[in-house]
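Engineer: Sequence:
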Amino acid sequence: MGIEEGLVLAFCNSVSLLYHFNSKCLEFVYVAFRGMVFLLTQMKQSEGSRDVIALGTIPLATIEKFNKIEIKQPSGIRQSGKTPTRRLLQVVGKDMRIIMFAFRPGTKQRSVVFDALLRGIRPARLWDLYAFTSGPSNNTNSNPKVRLVNEYYRLLGMGSLQSSIGTIEDGLFKLSNDWWRISDVNASYNMCTSYPFALLVPKAIRDTDLLKACTFRARCRLPVISWCDIRTGAVLARSSQPLVGLMMNMRSNADENLVGALCTRLSKNIEGRRKLYIADARPRKNALANGAMGGGSESSSNYFQCEIVFFGIDNIHAMRESLVRLRDYLDTHGTKSSDGISSFLRNGGSTWGRGNLSSMSASVSTLGDSGWLIHVQNVLAGSAWIAARVALESASMLVHCSDGWDRTTQLVSLASLLLDPYYRTINGFQWVDCVSQLLRMYPFAFEFSSAFLVDFLDCVLSCRFGNFLCNSESERVKAGVFEASACLWMHLADMRGSEGNSHVHYNMFYNPSKHDGPLLPPAAALAPTLWPQFHLRWSCPSEAQSSQVEAQCRNMMGKYSELQKGKDIAESNAKEITKTVESLTADLLNESQVSYSAIALARKANIENASIKRAIESLGYKVRVSDIPDIENHPAKKTDMPSPTRKTIGSGETYDKNTDLCVSITVTNDNIDNVSGNLTNWFCESLCPLRAEDGGCRWPNAGCARLRSQFIGLKANYDAFDKLSIYDRYFHPE
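Heads up, the sequence shown is in UniProt numbering, so the first residue is 1 and it goes up one at a time.
No lab work stands behind these hints, which were simulated from the structure alone. All residues carry an ideal CB built from backbone N, CA and C; glycine is no exception. Please note that the accuracy of each hint is not assured.
Stated by the list, open to error - Restraint-style ranges between C-beta atoms, simulated for each label pair:
{"no.": "1", "residue 1": "N143", "residue 2": "P522", "range": "55 to 61 angstroms"}
{"no.": "2", "residue 1": "G428", "residue 2": "F509", "range": "14 to 20 angstroms"}
{"no.": "3", "residue 1": "T335", "residue 2": "G368", "range": "19 to 25 angstroms"}
{"no.": "4", "residue 1": "C553", "residue 2": "T335", "range": "33 to 39 angstroms"}
{"no.": "5", "residue 1": "E483", "residue 2": "N555", "range": "38 to 44 angstroms"}
{"no.": "6", "residue 1": "Q430", "residue 2": "K203", "range": "46 to 52 angstroms"}
To be verified - Below are the BS3-like pairs computed for lysine-lysine, each with C-alpha atoms no more than 27 angstroms apart in a straight line:
{"no.": "7", "residue 1": "K203", "residue 2": "K174"}
{"no.": "8", "residue 1": "K174", "residue 2": "K565"}
{"no.": "9", "residue 1": "K94", "residue 2": "K203"}
{"no.": "10", "residue 1": "K65", "residue 2": "K94"}
{"no.": "11", "residue 1": "K565", "residue 2": "K613"}
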């Protein structure tokens, strides 16, 4: 279907609009469908040029707010018959995007889009969220209870065990080691609705004591273990503030015993119990102010061997306002501003002072005024301090703020990541901005890359997956979120599956052997910076490509990997060729040896044949032998020499069918006539080579010819000839 100006298509019962606008300032195509806003192209016309900005997709859940804005046109371009104001719609995203849309005057286009967005980003029911309306997905959610119990097994030193739905339903997951145990006291979420169904607690504390201790903490968020060191027994625990009352004099024996149980004994070689730090994330004055509402902080005199430290981190409301100021700063001073004005030309160039250094410094200092980097630095510093106390002193740590939510989670999660290399892998992660700062400081310590963090954050903000919906595990279980929505972790795993370790989510510099223990950054290294890949990707797209160096390195590594594969294939082929050549060489040597042996045997046979011929001729017979090949000059090559098959031809001619050797023996009368006396004596006297020099006979000491010899009768016997050796004797005895 063609797109025409001002065309509106409304699809049944869904926020589905298709617009095409063409104004002097902006031109774009807008589509909202099934929870996603697709901004295909935005074209901005300013300074006499048309600048094309690719906006990609904007999930409806990512839109934080949107406002109708009217801006008066400058008097210089006002014309008769034209509306003197510009009708704009400002869309502000949680992903640091601020987009301004212009509409044709005299139309209701802006109102229609505004109403559609209002219905789309603020659904009346949980089931209207994009996570449930996006259709079926192959990335089904694995049960979060199984993942939680498997993590407890790992912390207890039982990582080889794997839980299942069956073991959880049967209550067979409640294992323990010498210090800690898994409790199901909150299995029905009756004790604390915001805690998971299974808790990791000291082994010495019974479930009845846990039920008593929870009443002394805000929202029943009693101290529970988030991470423990199986080697030393040190733990990271979290809770909410104690309910010490207005006079800060209320106490609970159950709570004090539970907190004291976190301080297990030190190793066998060291006497005494380990130290306990209670880290209060709030400023001290805020903790005192909470006393008016029954809250407050612990007293070190009531808890065994403990020290209380205040971190001074502002609450979530201050952080949210700081993030808004940061987003406005980036939009105002970025390369691509939402109003189409370059930061270099804003207010006639006064943004950059027209060369006035003090004015330029003032605009840059606005970043510091946002306070965002200060918040990040405070969280980093607090987490590093916690990790150092646990790693260097083997101390235990209890962390809380007012309700034990945002600041507590940030500190405990980041400290766990610093202490445990497992959380620095893709399988062990869940965390964002502060992690990007650590990734910048320790590029070899993390398996995942900055691109993984950006994609992870985009997936969370898109509301496409159910992993982070609702406020707690109990709410997600009650709503059946995991059965009806897709899994974020499976989606990210599928993205990596096609390319393996070469995927952009993997940190190409990762080397776990360099940082196989805790990361303990010094205070001087905790000065944070903007996260370019996330904070600057819309306002300063070219500057956000600081990761291009990594991309080029990754490209080079990919080419190197291909070359390495080619090298391996070539080396494998070369080895096979070498083996083949060696085998052929061995065969040739063997054939050569056989050939030389055959030639040697032929030479020996030739000599023996000549001797036999002379011997027979001396008897008065004529021997005719066909031509024999030149053995002496014969080339050394393999020839088959099968055993000959002989036939006797006529009365005295023998023929070998496998060779051209033909022997013919005839008796001459002259020799017979010269024989006188006994024929046997004539043989002895004429042929025996062993006779004495004086002609005497050596028999029986010599193996001479005997009467009834196989040669008597003058019949040639070639089998005897084959056995005859002139170096030993002419004839064998019978």
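Engineer: So does E483 sit 38 to 44 angstroms from N555, Cβ to Cβ?
Structural biologist: Since the Cβ atoms of E483 and N555 sit about 42 angstroms apart, the hinted range of 38 to 44 angstroms holds.
Engineer: Taking 27 angstroms as the top limit, are the C-alpha atoms of K203 and K174 close enough?
Structural biologist: With Cα atoms ~11 angstroms apart, K203 and K174 stay inside 27 angstroms; holds.
Engineer: Assess, step by step, whether the Cα of K565 is no farther than 27 angstroms from the Cα of K613, and give holds or violated.
Structural biologist: violated (71 angstroms)
Engineer: Given the proposed pairing of K94 with K203, does the C-alpha separation stay at or below 27 angstroms?
Structural biologist: Roughly 43 angstroms separates the two Cα atoms, so the pair is violated.
Engineer: Would you check the hint for K65 and K94, treating anything up to 27 angstroms between C-alpha atoms as holding?
Structural biologist: holds (9 angstroms)
Engineer: Please test the hint of 19 to 25 angstroms on the beta carbon pair from T335 and G368.
Structural biologist: Because 20 angstroms falls inside the window, the suggested range holds.
Engineer: For G428 and F509, compare the CB-CB distance with the range 14 to 20 angstroms and indicate the outcome.
Structural biologist: holds (18 angstroms)
Engineer: Would the pair K174 and K565 pass a check requiring their Cα atoms to be no farther apart than 27 angstroms?
Structural biologist: violated (49 angstroms)
Engineer: Can the suggested window of 33 to 39 angstroms be confirmed for the beta-carbon pair C553 and T335?
Structural biologist: Hint violated: Cβ distance 25 angstroms, outside 33 to 39 angstroms.
Engineer: Go ahead and decide if the range 46 to 52 angstroms is satisfied by the Cβ distance of Q430 to K203.
Structural biologist: With a Cβ separation near 27 angstroms, Q430 and K203 fall outside 46 to 52 angstroms, so the hint is violated.
Engineer: For the pair N143 and P522, does the Cβ-Cβ distance stay inside 55 to 61 angstroms?
Structural biologist: violated (41 angstroms)
Violated hints, in rising order: 1, 4, 6, 8, 9 and 11; the structure is consistent with all others.
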